[in-house]
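Chemist: Chains C and V, in that order, give the protein sequences.
The numbering of the first sequence is the working numbering, which starts it at 2 and goes up by one.
The numbering of the second sequence is the working numbering, which starts it at 2 and goes up by one.
Just so you know, the hints here were simulated from the structure itself, not pulled from any lab data.
A portion of the hints provided could be inaccurate.
[To be verified] Okay, the calculated beta carbon distance ranges per label pair:
#1 317(C) / 12(V): 28 to 38 angstroms
#2 108(V) / 34(C): 43 to 53 angstroms
#3 12(V) / 10(C): 37 to 47 angstroms
[What the hints assert, rightly or not] One side only, chain C facing chain V, incomplete, derived with CB under 8 angstroms:
#4 31
#5 89
#6 125
[What the hints assert, rightly or not] Examples of chain C residues lying across from chain V (beta carbon under 7 angstroms, computed):
#7 25
#8 29
#9 30
#10 32
#11 33
#12 39
#13 43
#14 52
#15 56
#16 58
#17 59
#18 76
#19 87
#20 127
#21 131
Here the structure is a predicted model, which means the values were calculated and not measured.
Cβ atoms here follow ideal geometry from the backbone N, Cα and C, with glycine treated the same way.
2 protein chains.
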Amino acid sequence: MGEFEALEQVRARVQSRGDRVILPSGDDAAVVRCDGLAVTTVDAFVEGVHFRLATTSMRDLGHRCLAATVSDLAAMGAEPGEAYFAVGLPPQFGERELLELTDGAEALASELGMTICGGDLTGSPELFLAVTAVGHAERDEHLARREGARPGDRVGVTGVLGGSAAGRLLLERKAGGLDPELGEELLERHLCPRPLVDAGRALARSGVTAMLDVSDGIASDAQRLAECSGVLIEIDLPRLPVDEGVDVVARAAGVDPVELAAGGGEDYELLFTAPAEAGQQVAAAALAAGSTVTWIGQVRKGVGVRLLAEGGAARPLHGWDHLAQPGSEPSP
Amino acid sequence: MGEFEALEQVRARVQSRGDRVILPSGDDAAVVRCDGLAVTTVDAFVEGVHFRLATTSMRDLGHRCLAATVSDLAAMGAEPGEAYFAVGLPPQFGERELLELTDGAEALASELGMTICGGDLTGSPELFLAVTAVGHAERDEHLARREGARPGDRVGVTGVLGGSAAGRLLLERKAGGLDPELGEELLERHLCPRPLVDAGRALARSGVTAMLDVSDGIASDAQRLAECSGVLIEIDLPRLPVDEGVDVVARAAGVDPVELAAGGGEDYELLFTAPAEAGQQVAAAALAAGSTVTWIGQVRKGVGVRLLAEGGAARPLHGWDHLAQPGSEPSP
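Construct the entire structure; sequences and hints are all you get.
Modeler: So, in structure tokens, the structure goes:
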């Protein structure tokens, strides 16, 4: 199968959604109507670095790569619009693998109301994907940045943490003895994450001062938010909302569950700051968009992150990433 | 050097241009003002497939990858706006190589008035780049597509052809005996192509019916235009405008210069069709934007491409790509 036949088949499997897309894939470039602000992010994924084919199906891979990229749009509070895929396909991969990848991405695009608008396909010694996701917003005030956290703000996070890291440990057979249904949920959390698009839009408009998504683990993501805002972020580790089953997996793997919740990435929850007086409306807005909020810390003067154990003593993270290979690489 | 320090240094070397970019690289996503139409294209480049590091400096690579991607915007007639780079960097590459790559891309971005707005950096066994370029247009009528060629139209091309292929043969030491200055020009043509942004905008607004850029060689690019428009394109090979020095290089390599002009890619000239009566205004518009136009064929009923030799006999291309490795891979 040549490149052009392959792309024809990919095009036949993806749909235009909404009324923005004037010219989808197939010409020199895609043409999309855009009145206001375009919010654009690019993420790259490489076999052996971000995923292992031994434990990831092509369908899950298509889903995961799009989800991780769109999570950046969610963290801005933008409305997801279009996605573009650049794919490097090794010689042993053929039409079937490419179409499975497409189906996984297209299924999530359909859930999110997005259009896969084009991309590029090339041969490559290693499998890689580079995903460009474009979101839309009417006004800058509707978007949340990483800067803007102020001393006195509270620190909040949506949903629960550690589930993706626990799922990865299960995949790597580093843990066992779990209720099968719970195990499935953790695997799903790792393999098929959902970007929190609705919660992101609701939070960005409800008074948060800074926001990003939890892609590398809340400890390092909080560090980035702290640096961008020029503040010190304290996180009370005992308050972290830990996903169900994480404690069992962690114990079986010989690590503290808090390490998975604070140091494990790819949960794609949203981490944000808000003035104390806005706390109630922020939490209500997130809840209306389907996400719970847990207040896990406070912003102080200084720069950096301080993790606090029970009783308020500073505590380092020991890291658990050596347990799972390949490591989850930070992606900016 | 960690990924974040590296990205800090990259950010320090790129500039925002124009007043569209509200939030450049450094947050979850870039924010760009966009009133009208966004024109978006993605191209991937892989070592050993699209370039060889043995014959390409990192600086030239940054330039070439951006140029090739922006050429798709030129072929639509869009105004180049923003670029995003996803880079997979092998372990033996460090800060110096990354910054050279950045400098090459940034120098061209500056020429074109573009802003490098963000991207992603990851480790990878092989060097690869995926470049997303976004252009802007006020109205759809200002853009040229690949469909739209009609029987009776004339076929035109800007500039001269075969120079990039000849430059590649020189690089690969498949030819010699050339005047050094001419050799330098051909190498420059291959290593540092210029996307014809101004000519593309002028042509798209001057009455062309279909257009694309010559990235894979005029024979295969004409085939694509013919398929998108549902027409037969005849190209009179003796009329092809052949770049200076191509004949000498071709003879030294033992191929017909026409093979390089019609079958060699990466010239990034523009191939288009226009009604006969619009010919004069189309050529004048291109000339005012700095590009000559040569009329090289005609559109007929049917589908496909017919290459005509002296006297009008059909002629196959023999291909010359086996002379140069790695081959230039078609990129849609």
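Chemist: Now tell me if each hint is right for this structure.
Modeler: We went through each hint and held it up to the structure:
In this structure, residue 317(C) and residue 12(V) meet the distance hint of 28 to 38 angstroms, their C-beta atoms being roughly 29 angstroms apart. The beta-carbon spacing between residue 108(V) and residue 34(C), approximately 32 angstroms, falls outside the hinted interval of 43 to 53 angstroms. The hint said 37 to 47 angstroms for the Cβ distance between residue 12(V) and residue 10(C), and at roughly 39 angstroms that hint holds. The interface hint given for residue 31(C) holds, since its Cβ lies 5 angstroms from the closest Cβ of chain V, which is under the 8 angstroms cut-off.
With 8 angstroms as the threshold, the beta carbon of residue 89(C) comes within range of chain V, its nearest partner Cβ sitting at about 6 angstroms, so the hint holds. At about 5 angstroms, the closest approach between the beta carbon of residue 125(C) and any beta carbon in chain V falls short of 8 angstroms, and the interface hint on this residue holds. Interface restraint check for residue 25(C): the shortest CB-CB distance to chain V comes to about 11 angstroms, outside 7 angstroms, so the restraint is violated. Given hint, residue 29(C) at the interface with chain V, holds; its Cβ is 4 angstroms from that chain's nearest Cβ, closer than 7 angstroms.
Restraint check, residue 30(C) versus chain V: the minimum CB separation of about 4 angstroms is within 7 angstroms; hint holds. Annotation: interface hint on residue 32(C) holds; nearest CB of chain V at approximately 5 angstroms, less than 7 angstroms. Interface hint at residue 33(C): satisfied, since its Cβ lies 5 angstroms from the closest Cβ of chain V, which is below the 7 angstroms cut-off. For residue 39(C), the shortest C-beta to C-beta distance to chain V is roughly 4 angstroms, which falls under 7 angstroms, so the interface hint holds.
Look at residue 43(C): its Cβ gets to within about 4 angstroms of chain V, closer than 7 angstroms, so that hint holds up. Nearest Cβ of chain V to the Cβ of residue 52(C): about 12 angstroms, over the 7 angstroms cut. The hint is violated. A hinted interface residue such as residue 56(C) counts as satisfied when its beta carbon comes closer than 7 angstroms to some beta carbon of chain V; here the least separation is about 19 angstroms, so the hint is violated. Using the Cβ-Cβ criterion of 7 angstroms, the hint placing residue 58(C) at the interface with chain V is not satisfied: the shortest such distance is roughly 21 angstroms.
Checking residue 59(C) against chain V: minimum C-beta separation of about 18 angstroms lies over 7 angstroms; hint violated. Interface restraint check: residue 76(C) against chain V, minimum CB-CB distance 4 angstroms, threshold 7 angstroms, status holds. A hinted interface residue such as residue 87(C) counts as satisfied when its beta carbon comes closer than 7 angstroms to some beta carbon of chain V; here the least separation is about 4 angstroms, so the hint holds. Against a cut-off of 7 angstroms between C-beta atoms, the interface hint on residue 127(C) holds, since the closest Cβ of chain V lies about 5 angstroms away.
The beta carbon of residue 131(C) comes within 3 angstroms of a beta carbon in chain V, closer than 7 angstroms, and the hint placing it at the interface holds.
Checked against the numbered hints listed earlier, the structure breaks hints 2, 7, 14, 15, 16, 17; every other hint is satisfied.
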